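2 protein chains.
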Amino acid sequence: MSLQTFFNPKSVAIIGASRQKGKVGYEILVNLVAGGYPGKIYPINPKADEIDGLKVYPDLVSIGETPDLVIVIIPAQLVAGVLEECAKVKAKSVVIITAGFKEVGPEGKKLEEEIVRIARRAGIRFVGPNCLGLISPSHKLNASFGGDLPVPGGIAYISQSGALLAAILDTANANGIGFSSLVSIGNKADIDELDLIEAFGAQRETKVIAGYLENIKDGNAFVREAEQISNKKPILLMKSGGTEAGAKAASSHTGSLAGGEVAYESAFSRAGVIRCDSIKEQFDFAQAFANQPLPKGPKVAVITNAGGPGIMAADAIEQKGLTFAKLSEETKKKLAEKLPAAANVHNPVDVLGDALADRYEFAIDIVLDDPNVDSAIVLLTPQAMTQSKETAEALVKIAKKKGKPVLACFLGAAKVEPGIEVLRKGGIPQYDCPESAVATLYVMSEYVRWRGRPKRVVRLFSVNRRRVESIVERHLRQGLLDIGEAEAKDIIEAYGFATPRGSIATTADQAANIAQQLGYPVVLKIWSPDILHKSDVGGVKVGLRSEQEVKDAFDLMMYRIPKKKPDAHILGVLVQEMVRTSGKEVIIGMHRDPHFGPLMMFGMGGILVEVLKDVSFYLAPLTAEEAKQMLVNTKTYHILKGVRGQEGVDLEAIAEGLQRVSQLVTEFPEIKEMDINPYVVGAPGTTSIAVDARISLEKK
Amino acid sequence: MSLQTFFNPKSVAIIGASRQKGKVGYEILVNLVAGGYPGKIYPINPKADEIDGLKVYPDLVSIGETPDLVIVIIPAQLVAGVLEECAKVKAKSVVIITAGFKEVGPEGKKLEEEIVRIARRAGIRFVGPNCLGLISPSHKLNASFGGDLPVPGGIAYISQSGALLAAILDTANANGIGFSSLVSIGNKADIDELDLIEAFGAQRETKVIAGYLENIKDGNAFVREAEQISNKKPILLMKSGGTEAGAKAASSHTGSLAGGEVAYESAFSRAGVIRCDSIKEQFDFAQAFANQPLPKGPKVAVITNAGGPGIMAADAIEQKGLTFAKLSEETKKKLAEKLPAAANVHNPVDVLGDALADRYEFAIDIVLDDPNVDSAIVLLTPQAMTQSKETAEALVKIAKKKGKPVLACFLGAAKVEPGIEVLRKGGIPQYDCPESAVATLYVMSEYVRWRGRPKRVVRLFSVNRRRVESIVERHLRQGLLDIGEAEAKDIIEAYGFATPRGSIATTADQAANIAQQLGYPVVLKIWSPDILHKSDVGGVKVGLRSEQEVKDAFDLMMYRIPKKKPDAHILGVLVQEMVRTSGKEVIIGMHRDPHFGPLMMFGMGGILVEVLKDVSFYLAPLTAEEAKQMLVNTKTYHILKGVRGQEGVDLEAIAEGLQRVSQLVTEFPEIKEMDINPYVVGAPGTTSIAVDARISLEKK
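For the record, the sequence lines run as chains A and B. In terms of the working numbering, the first sequence opens at residue 1 and continues consecutively. In terms of the working numbering, the second sequence opens at residue 1 and continues consecutively.
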């Protein structure tokens, strides 16, 4: 069922409408009327006949027709009954404002589960409970107690905090920011962020989807759907609860489980979602996306009537990694022809402090025509002769014709207010400092880059899936959740990794025999399902070069380890060839995130991963490009690629390894965590070796 | 001469006063009068008798007394003459508004040099030229054409961009931000940022000094003086021209040479100057410093009437590295006693959406009394019953009593405006999002930390200064600016570094003899004043283990290098013991910045410095603490300190090495650049060895 009825209902019933000023049941009715809602309004309250001249009905049934939208404000205990009534009259779209559900504890959680059950059965979709309502300015629908109806515009907003929505509305109304819709999703017991993102994705009037979220209900579905929608319109999210303190505050507030930050970052990156660090930043971005075309590239020109702010913009452009546009000779010549001699015809173009609107107009027109310019920032400081209003008018007029994004930063307050007013109405976003305008252009050009990414194709390797199945099944059957080294290697071998040769010895003589066959030097490793960190108990001995050394090492392990780990079931000792490659050690790992599923990790081995935490993450399944990007995203990538004439390692082998593990963990959701560490990678053409592997399972 | 007369003159003469509206000579006069300036005003213009009822004088002399302050607005060519006139009447304080000097090219530069000469001779101090003037609200002095007189307050502002000052003034006046002084310094031909920082440092009404600068005139003096003043009051600077594009724009604008960013960072860090990334951020910080006490520590409490913004604040506190205050049991108990059951009595304290002012007042009072709380952020969202004005009043009242900084973030616009108005008047800074308030508290607590730093004591090592003098003098006399390896090592040995033993051989046999004495293995290095990068020409051969290998290597160098570098004067080959320590290789370096002098560098050697650019910088002379801090500031510090049970290296030896080089380059300003690379450092107690050194000189 489409949610569009929520935003454009022909009639609205308000269950719990009140005649008492200050009560939510009154405020919502007043807001609906004050917003000029053109449809029919049915206030419902068995104890009243009329409110502010509107006829009041005792219940839904007595209206005599099915209202498109039902707003519910009555106490929590009565909401279930009202939903049954909705079912009876076939009302399908409900907003439950009422609080007192999951957020107040176990009792409320039960009530919430009940209303979800009723709604599911009756095919009812609802927003809330515990929310502020919803607003749809282009249909003059203000079914909320959040504030006055804002002007229509291109931004759709979803908020998991009602109070925040009220603050946003107040700020937006003061600044003339327009919205297509605003929804307070409250406890999101039924309709959640994803439903709304989908609905807004399909809404013609919505140009950009923005939201404040404390958690995401279904991580996998979110990534899948948000990626589709991001291809059409940008999604800007403020996701809080990111840090430990924040997450604690989040769970004490809404009982929502905050997901791992890394998983969120990966999910947003995959889905093209733009993460915002503050509400201010979010609206800085949203206004540009809603009102301006996307830039074709990263080249930014600046036009200013004062040097200082021009330099600030130039600094910010470079710091952000955008390109400071180099104006063409033709542009500079044209500018020089009409601008005063003291003007700067290079970027940032300085039209000088005495510039009137016509000089700005002339310069902006020429600069925007330059093919070396993808976007422009127009700065204005209030000087003696400055015409903020006329300059803004010129800006609006020219920007419309050029198909390039133009952002403004009129510095000051009262003196530039007339200009800012014109900019607002003309759809030119205005920023409070040059740095904010630059940050916005950066995000726009990153979004364009994301949209231009290659199509995601996940390669499927030919593997021995059955072998893994049998190991995994047996372990789960026996209740063993950690897979020992030998079988862990069997698993990754089945998925195409080369591992060091070796076998298990149960006596010192047998160990020496195996070593003989492998050739010296060898490595000995204790083999026990109960010992995961072998080094910690002295269970690893490397570089053994003779029969005697092997026997000594074997016997020492057999003598010492049972003392340290009396309960460990020791099956023997793994005798293994020693990998003597000049390659680099890397780690390929996976951690299954509870919200978003398998999260792949890549990092340099040894000290670099431990000290520098130089690792990168991405959600599985990985494409070849994503696997390679994981390498590029580490600081140590240059070391792998080869520096100062040193030959690099086989990057393809690492990327393929990542994809193979990605396939493994996608095909076996029972694998909870794993890593291959070290994965020794040599020069291109040599065989990379998975020296050690660790896999743990979980019951599904 | 004190500059205080500029800010509190008994009389002001305006040379170039005009009766023509729109002209600067008229606007300044009007601003001065409109600001309510209580002193005498002498408009000077030979072509007028009176302007707006004020008597006009034909020239300075005819006034009959010496004006405390002279404002000059006449054309550039006439300014020199006016200064002569000032000298005649003994006027000492002048503001030259007039443009057309250095900023317009060589002609103007000459004029500027001339007025500086005249002023110096006559003991005149002047602001400008090419500026907007100055403003001193507490003395009702608006000697500018930047805008209306703002309210008095604790912020002193210095701007190198006049237009920016006008914008700041406009914004500040709209928001009721108060100033002690504002000065547009223009070309700062005489009075510069440092003079003003000193003057504001001495002004009782100035609580915080802020400024926008494109360059700093005298780096060394700036660091010295700013550090003194930062101990008393914070200095907040926005320094632009930081990036390449910005610097280019800066030089095309004011002809100022932008200094290296690293040097600026070090200088600001040494001097305790707080660098701001935007004007918005600068005023976020300045308002708190001007109106609130400093925090005693990093522990922040948050009080809110809505969960969402509380979580945002918590996230930001953790991200910034501040401490999310853990409220005492007593505090929580007290809060629980009176707050509703659903309220959160943990930090962030949620007083709930229906909180009136009294509930906020109760919570703020208790939370601020908690010894675990160093500062607080009060968040407010406009909900149905919210009393923004009354809450602000309570906040102002309580905050005054507690001696802890309290910042507010009232989200919204019209609905919270009455509250924001109260906050402004009550000196509680208001922020547009929780993140900005947190960023401000972070900067305040960093400033407190800086003020509490230990006294700077630079240790002086006993060294052989004379040895270095003779080497440096000889090189300079002979016009040799690069010092060869052997003598570079002599220099660092003279300053206490151990270097590998070795001597120069001119024949293969001699090389073998030296090797014999040193003991194998040895290293051979070509010795030529003309070859600085020895490896590039095959001039380094390591790990030679026998007489034959030494002779072969010697002869090969003698055969091959002259072919590659036919012009190089080859003096022989250095035969050196091979340093076989298990230590780590680090780099100690110095680069002399044109503005701030010797800039010390520290980094890990090898791939880490080249790939990760993991280096840190600081201005010499270094204290022991600063030297250690340079180590801590690298990411690889943990590797040096020892990780995972690995023993660390001798950190003291590195810190001492840094201090010794710092002493060397401070005592020898002729040393332009140098590095010791690698400096091999072993476990504590072992001798660290300076394996190679490179020193270059410049004529002083």
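Worth flagging that the hints you see were computed from the coordinates, not collected in a lab. Misleading hints may appear alongside valid ones.
Repeated chains share a single entry, so a pair holds when one copy, or any two copies, can fit it.
[Unchecked claim] Computed list of lysine-lysine pairs in BS3-like fashion (alpha-carbon distance at most 27 Å, straight line):
id, residue 1, residue 2
1, K320, K635
2, K672, K613
3, K21, K389
4, K47, K613
5, K90, K700
6, K217, K613
7, K534, K641
8, K90, K47
9, K402, K207
10, K389, K628
11, K425, K628
12, K551, K233
13, K628, K296
14, K613, K641
15, K109, K332
16, K565, K397
17, K232, K563
18, K109, K402
19, K88, K565
20, K400, K207
21, K10, K400
22, K110, K320
23, K296, K613
24, K400, K699
Bear in mind that the values here come from a model prediction, so they are computed numbers and not experimental data.
Evaluated hints:
1. K320 / K635: Both: 18 Å inside a chain and 23 Å across chains, each within 27 Å.
2. K672 / K613: For K672 and K613, the Cα distance is within 27 Å only inside one copy (22 Å; across copies 36 Å).
3. K21 / K389: Classified as between: cross-chain Cα gap 21 Å, same-chain 42 Å, threshold 27 Å.
4. K47 / K613: neither (65 Å within a copy, 75 Å between copies)
5. K90 / K700: neither (39 Å within a copy, 92 Å between copies)
6. K217 / K613: Cα proximity of K217 and K613: none, with 29 Å in one copy and 41 Å across.
7. K534 / K641: between (32 Å within a copy, 26 Å between copies)
8. K90 / K47: within (24 Å within a copy, 88 Å between copies)
9. K402 / K207: Answer is within: at 19 Å inside a copy they meet the 27 Å cutoff, but 48 Å across does not.
10. K389 / K628: Neither, since 50 Å and 56 Å both go past 27 Å.
11. K425 / K628: neither (45 Å within a copy, 57 Å between copies)
12. K551 / K233: So K551 and K233 fail the 27 Å test inside a copy (67 Å) and across (72 Å) alike.
13. K628 / K296: Classified as within: same-chain Cα gap 25 Å, cross-chain 48 Å, threshold 27 Å.
14. K613 / K641: both (19 Å within a copy, 16 Å between copies)
15. K109 / K332: between (67 Å within a copy, 26 Å between copies)
16. K565 / K397: neither (79 Å within a copy, 64 Å between copies)
17. K232 / K563: neither (64 Å within a copy, 64 Å between copies)
18. K109 / K402: Neither, since 54 Å and 41 Å both go past 27 Å.
19. K88 / K565: This pair counts as neither: shortest intra-copy Cα distance 67 Å, inter-copy 97 Å.
20. K400 / K207: within (17 Å within a copy, 47 Å between copies)
21. K10 / K400: Classified as neither; 35 Å inside a copy, 55 Å across copies.
22. K110 / K320: neither (49 Å within a copy, 39 Å between copies)
23. K296 / K613: Neither way: K296 and K613 sit 35 Å apart in one copy and 32 Å across, limit 27 Å.
24. K400 / K699: Answer is neither: 59 Å inside a copy and 59 Å across each miss the 27 Å cutoff.
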